[in-house]
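Novice: The lines below spell out each chain.
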Amino acid sequence: MEVASVRLSEEEKKFLEELVLKGKYSSISEALKAGIYELMQEEKLKELPWKSREEVREYFSKKEKKLKGLEDLVDEED
Amino acid sequence: MKKIECYLESSALWNLYYEEEGSELVEYCLNNSQFKCKSSIWSQMEIIRGIKKRENQEEISSDEAEKLELFIETDLKNLENKKKITMEEITNEEILLAKRFIRRYNLYASDALHLATTITKNCQVIIVDDYHFKRLDNTIMINEGLLIFSTKKTITDLEEKMNLEKQDG
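Residue numbers (my numbering), protein chains in the order written: chain X, 13 to 90; chain Z, 268 to 436.
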């Protein structure tokens, strides 16, 4: 894992320390990583080709379906 | 008026994102203020598995699978924020009840867990697709006092059934 130094304002540092004190994260590093993860997800969302459930359904309805319903190949449990 | 508490089983949620057929009824439940919809973390797990199965079968690409999973995760969070659905945790209570249902009704573990969650979360209706509808038969409906409703039925069917339930009650 890479190590990076980050300059934080007093307010930002205090905010992160409070999150750790509240037990939400085990360290400031973990809290920062969670923030970065959210940012990454946000960026990925912007790249999604669909804006609504209707668009998702329409997109996948054009696919040649090899499986029927969610539980096709259900025999994997048996 | 007391809301109808409704559990959307994973197959019903799947219809919401991947199948045209059945999606109309699930959308209706989510957007009708008479309903209070619930599902569970377990449903989300099954949906992730459903996406992976399609990737394995090359029905969809890895890129599409990743995007679909992200879309569903985000959309469910949005629905929760808008109070249109509650994604329930699975606790020991549900697991203990599910164990009883496996023995009593010879259910798959997964179906037993959905049924147990439906009951512990005080839902009166469980919405499922046809395949599950056949497996969760009338015995369960009668014994557990639960309406099992297929996504393949129409909105009118559901409205009529709900009216009938009200009249019976």
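Treat the hints with caution; some may be incorrect.
[Said to hold, decoys possible] Now the in silico label distances, taken between C-beta atoms and shown as ranges:
(1) Z:N389 <-> X:M13: 42 to 52 Å
(2) X:K45 <-> Z:L363: 51 to 61 Å
(3) Z:N410 <-> X:E23: 50 to 60 Å
(4) Z:K319 <-> X:E14: 54 to 64 Å
(5) X:M52 <-> Z:N410: 44 to 54 Å
(6) X:L57 <-> Z:K319: 14 to 24 Å
(7) X:A16 <-> Z:L337: 19 to 29 Å
(8) Z:I409 <-> X:K34: 43 to 53 Å
(9) X:G35 <-> Z:E360: 20 to 30 Å
(10) Z:M268 <-> X:E50: 55 to 65 Å
(11) X:L33 <-> Z:R370: 45 to 55 Å
(12) Z:L363 <-> X:V18: 23 to 33 Å
[What the hints assert, rightly or not] In silico lysine-lysine, PhoX-like type, Cα no more than 20 Å apart, as pairs:
(13) Z:K388 <-> Z:K269
(14) Z:K320 <-> Z:K351
(15) Z:K319 <-> X:K78
(16) X:K56 <-> X:K45
(17) X:K74 <-> X:K63
(18) X:K80 <-> Z:K320
(19) Z:K270 <-> X:K77
(20) X:K63 <-> Z:K320
(21) Z:K319 <-> X:K80
(22) Z:K269 <-> Z:K344
(23) X:K63 <-> Z:K349
(24) Z:K344 <-> X:K56
(25) Z:K366 <-> Z:K388
(26) X:K25 <-> X:K45
(27) Z:K350 <-> X:K77
(28) X:K77 <-> Z:K319
(29) Z:K419 <-> X:K80
(30) Z:K351 <-> Z:K319
(31) Z:K319 <-> X:K56
(32) X:K56 <-> X:K74
(33) X:K74 <-> Z:K319
(34) X:K80 <-> Z:K420
(35) Z:K351 <-> Z:K305
(36) Z:K388 <-> X:K78
(37) Z:K305 <-> Z:K344
(38) Z:K366 <-> Z:K270
(39) Z:K351 <-> X:K58
(40) Z:K320 <-> Z:K269
It is worth saying that the hints were derived from the structure and are not from the lab. Computed from a predicted model, the values in this text were never measured in an experiment. Glycine is no exception: its CB is placed at the ideal position from the N, C-alpha and C atoms.
Novice: Taking the hints in turn, state whether each one holds.
Specialist: A quick look at each hint next to the structure:
The hinted range of 42 to 52 Å is satisfied by N389 of chain Z and M13 of chain X, whose Cβ atoms lie roughly 45 Å apart. The given range of 51 to 61 Å is broken by K45 of chain X and L363 of chain Z, whose C-beta atoms sit roughly 36 Å from each other. For the pair N410 of chain Z and E23 of chain X, the beta carbons lie near 59 Å from each other, so the given range of 50 to 60 Å is met. For K319 of chain Z and E14 of chain X, the hinted distance range of 54 to 64 Å is not satisfied, since their beta carbons lie about 30 Å from each other.
The supplied range of 44 to 54 Å is met by M52 of chain X and N410 of chain Z, whose beta-carbon atoms lie about 47 Å from each other. Between L57 of chain X and K319 of chain Z the CB atoms are about 21 Å apart, so this pair conforms to the stated range of 14 to 24 Å. The given range of 19 to 29 Å is respected by A16 of chain X and L337 of chain Z, whose C-beta atoms sit roughly 25 Å from each other. Here the CB-CB span from I409 of chain Z to K34 of chain X is close to 48 Å, well matched to the stated 43 to 53 Å.
Taking 20 to 30 Å as the suggested C-beta distance range, the pair G35 of chain X and E360 of chain Z conforms, at roughly 25 Å. Distance hint check for M268 of chain Z and E50 of chain X: the Cβ-Cβ separation is about 38 Å, which falls outside the suggested range of 55 to 65 Å. At about 47 Å, the CB distance of L33 of chain X to R370 of chain Z agrees with the hint of 45 to 55 Å. For the pair L363 of chain Z and V18 of chain X, the beta carbons lie near 46 Å from each other, so the given range of 23 to 33 Å is not met.
Proximity of K388 of chain Z to K269 of chain Z is assessed by CA-CA distance (about 15 Å); at most 20 Å being required, the pair is judged to hold. Proposed proximity of K320 of chain Z and K351 of chain Z is contradicted: the alpha carbons are some 28 Å apart, above 20 Å. Proposed proximity of K319 of chain Z and K78 of chain X is supported: the alpha carbons are some 13 Å apart, at most 20 Å. Simply put, K56 of chain X and K45 of chain X have alpha-carbon atoms about 16 Å apart, close enough for the 20 Å limit, and the pair holds.
Annotation: proposed proximity of K74 of chain X to K63 of chain X holds, straight-line Cα distance about 17 Å (limit 20 Å). Straight-line distance between C-alpha atoms of K80 of chain X and K320 of chain Z comes to about 11 Å, which keeps the hinted pair within the 20 Å bound. For the proposed pair K270 of chain Z and K77 of chain X, the alpha carbon gap of about 37 Å is over 20 Å, so the pair is violated. Distance restraint check for K63 of chain X and K320 of chain Z: the Cα-Cα separation of roughly 24 Å exceeds the 20 Å cut-off, and the hinted pair is therefore not satisfied.
Pair hint K319 of chain Z plus K80 of chain X holds up; C-alpha atoms about 14 Å apart against a cutoff of 20 Å. For the hint linking K269 of chain Z to K344 of chain Z, the alpha-carbon distance of about 25 Å lies beyond 20 Å, and the restraint is violated. Restraint check for K63 of chain X and K349 of chain Z: the C-alpha separation of about 17 Å stays at or below 20 Å, so the hint holds. For the suggested pair K344 of chain Z and K56 of chain X, the alpha carbons sit about 16 Å apart, so the restraint of at most 20 Å is met.
Between the alpha carbons of K366 of chain Z and K388 of chain Z the distance comes to roughly 17 Å, so the proposed pair stays at or under 20 Å and holds. Among the hinted pairs, K25 of chain X with K45 of chain X is consistent with the structure: their alpha-carbon atoms are about 14 Å apart, no more than 20 Å. Taking the CA atoms of K350 of chain Z and K77 of chain X, the gap is about 33 Å. The hint is violated against a cut of 20 Å. Under the criterion of a C-alpha separation no larger than 20 Å, the hint pairing K77 of chain X with K319 of chain Z is consistent with the structure, at around 14 Å.
Simply put, K419 of chain Z and K80 of chain X have alpha-carbon atoms about 14 Å apart, close enough for the 20 Å limit, and the pair holds. Note on K351 of chain Z and K319 of chain Z: the hinted pairing is violated, with a Cα-Cα distance of about 27 Å set against a maximum of 20 Å. Annotation: proposed proximity of K319 of chain Z to K56 of chain X holds, straight-line Cα distance about 19 Å (limit 20 Å). Restraint check for K56 of chain X and K74 of chain X: not satisfied, since their Cα atoms lie roughly 23 Å apart, outside the 20 Å limit.
A distance of roughly 18 Å separates the Cα atoms of K74 of chain X and K319 of chain Z; the hinted pair therefore holds under the 20 Å criterion. For the hint pairing K80 of chain X with K420 of chain Z, the CA-to-CA distance comes to about 17 Å; that is within 20 Å, so the pair holds. Proposed proximity of K351 of chain Z and K305 of chain Z is supported: the alpha carbons are some 8 Å apart, at most 20 Å. Simply put, K388 of chain Z and K78 of chain X have alpha-carbon atoms about 35 Å apart, too far for the 20 Å limit, and the pair is violated.
For the hint pairing K305 of chain Z with K344 of chain Z, the CA-to-CA distance comes to about 13 Å; that is within 20 Å, so the pair holds. Distance restraint check for K366 of chain Z and K270 of chain Z: the Cα-Cα separation of roughly 29 Å exceeds the 20 Å cut-off, and the hinted pair is therefore not satisfied. With a C-alpha separation of about 23 Å, the suggested pairing of K351 of chain Z with K58 of chain X is violated against the 20 Å cut-off. A hinted pair counts as satisfied when its Cα atoms are at most 20 Å apart, and K320 of chain Z with K269 of chain Z does not qualify at roughly 39 Å.
Going down the numbered hints, you'll see the structure goes against 2, 4, 10, 12, 14, 19, 20, 22, 27, 30, 32, 36, 38, 39 and 40, while the others check out.
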